[in-house]
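Chemist: Below are the chains, spelled out letter by letter.
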Amino acid sequence: MLSFDLLDDVRRMNKRQLYYQVLNFGMIVSSALMIWKGLMVFTGSESPIVVVLSGSMEPAFHRGDLLFLTNYHDEPVRVGEIVVFKVEGREIPIVHRVIKIHEKETGVVKFLTKGDNNSVDDRGLYKPGQNWLEQKDVVGRARGFVPYIGMVTILMNDYPKFKYALLACLGLFVLIHRE
Amino acid sequence: MNSLLSRLNSLFAFTLTVMACLTFGCFLSTAFKEYGAPVHIAIGRVSVKNMEDFTGPKGKSDLGFLTFDVRADLDSLFNWNVKQLFLYLTAEYTTKNNAINQVVLWDKIILRGENTTINLKGLRPKYFFFDDGNGLRIMVVGLVHESQARQHKETVEIRRALGGAHTSAM
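Residue numbers (UniProt numbering), protein chains in the order written: chain D, 1 to 179; chain H, 1 to 170.
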């Protein structure tokens, strides 16, 4: 018979089983962290996977799309590429397309970006007095995407209670789940 | 006997795996396809003015003015993994200040199902063609001279440059 009494399940566990489940939960968390850090090393980007939060790149990327980034410094930034960049004074990185670059003989590049769905370039988004972006501002370059998968992230950002409820459910499931 | 949660978990995991495999299969079906389409570009009037750069940087810069015609059939670039084409026309040149300058003059988004034939005449740049300094005047004079001397070579180079000037997103 199927039992939905979760507390009863926990009560029936002996200490060894409970320790095993806690260890199992720890393994899941640490595995996720290791995968994330591994991706950071492999892609060269501090955020190898990002979620699009606005509609400024529509119809290429919509709100909630999941982007895969790389940031290899030996590959120069070129016009037409979609870059994710961070601006001083702004917490959230921006995903926009490069529309103008100027590169010196030394390899120093300055470039300008614009959202496909925006009517003007991004100079209004940069910090006051900043007219160009540089290589140091780049978090990564878009290499691929999965549509709408990141909607869960947006929901969790918009509704923090939903995030905590989801995490609590997952934690509880791992703890009481037995093979 | 497996609990309801275990069964649901297994079903969900299996569904995700199958969907991931199908998605990857869809990606592979066009991953090695060569993308390219013949494009014809003709440059019309070209002129340069040295003026205040009102787009951001302070000081005077060269501002390029030109008109161009674009003719292309991009139907061959579309398949079930291409939802849009982002076309852009770029001016690429070298100046004393910079080894590489790339400026987008015009762009257009073509969605799947829309008309893939482009036949535009007398187009003006969509974005201001400001140089990073005063190197454009010399460059444009050089370009006009080049096109008069080696017109065929110029057309081939422009065509090749635009051949890769699109991005396709799955």
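Be aware that one or more of the hints could be misleading.
Unchecked claim - With a Cα cut of at most 27 Å, we get these calculated BS3-like pairs of lysine-lysine: (1) D:Lys110 <-> H:Lys49; (2) D:Lys104 <-> H:Lys60; (3) H:Lys33 <-> H:Lys96; (4) H:Lys96 <-> D:Lys136; (5) D:Lys127 <-> H:Lys83; (6) D:Lys110 <-> H:Lys108; (7) H:Lys108 <-> H:Lys121; (8) D:Lys104 <-> D:Lys136; (9) H:Lys60 <-> H:Lys126; (10) H:Lys60 <-> H:Lys83; (11) D:Lys37 <-> D:Lys104; (12) H:Lys60 <-> D:Lys110; (13) D:Lys136 <-> D:Lys110; (14) D:Lys104 <-> H:Lys49; (15) H:Lys83 <-> D:Lys104.
The set of hints was computed from the structure by calculation and includes no laboratory data.
Fair warning: this is a prediction, and the values are worked out from it, not measured in the lab.
Chemist: For every hint, state whether the structure bears it out.
Modeler: Against the structure, the hints come out as follows:
Between Lys110 of chain D and Lys49 of chain H the CA atoms are separated by roughly 23 Å; this keeps the pair inside 27 Å, and the hint holds. With a CA separation close to 19 Å, the supplied pair Lys104 of chain D and Lys60 of chain H stays within the 27 Å bound. Distance hint between Lys33 of chain H and Lys96 of chain H is unfulfilled; the C-alpha atoms sit about 39 Å from each other, more than 27 Å. Of the supplied pair hints, the one linking Lys96 of chain H and Lys136 of chain D holds, its CA atoms being roughly 24 Å apart against a limit of 27 Å.
In summary, the hint linking Lys127 of chain D to Lys83 of chain H is not supported, as the alpha carbons are separated by about 34 Å, beyond the 27 Å threshold. With a C-alpha separation of about 24 Å, the suggested pairing of Lys110 of chain D with Lys108 of chain H holds against the 27 Å cut-off. For the hint pairing Lys108 of chain H with Lys121 of chain H, the CA-to-CA distance comes to about 15 Å; that is within 27 Å, so the pair holds. With a C-alpha separation of about 16 Å, the suggested pairing of Lys104 of chain D with Lys136 of chain D holds against the 27 Å cut-off.
For the suggested pair Lys60 of chain H and Lys126 of chain H, the alpha carbons sit about 21 Å apart, so the restraint of at most 27 Å is met. Taking the CA atoms of Lys60 of chain H and Lys83 of chain H, the gap is about 41 Å. The hint is violated against a cut of 27 Å. For the proposed pair Lys37 of chain D and Lys104 of chain D, the alpha carbon gap of about 34 Å is over 27 Å, so the pair is violated. About 18 Å separates the Cα atoms of Lys60 of chain H and Lys110 of chain D, which keeps this hinted pair within 27 Å; it holds.
Of the supplied pair hints, the one linking Lys136 of chain D and Lys110 of chain D holds, its CA atoms being roughly 10 Å apart against a limit of 27 Å. A C-alpha spacing of about 23 Å is found between Lys104 of chain D and Lys49 of chain H, which places the hinted pair at or below 27 Å, so the restraint holds. Distance check on the hinted pair: Lys83 of chain H and Lys104 of chain D sit about 36 Å apart at the alpha-carbon level, beyond 27 Å; violated.
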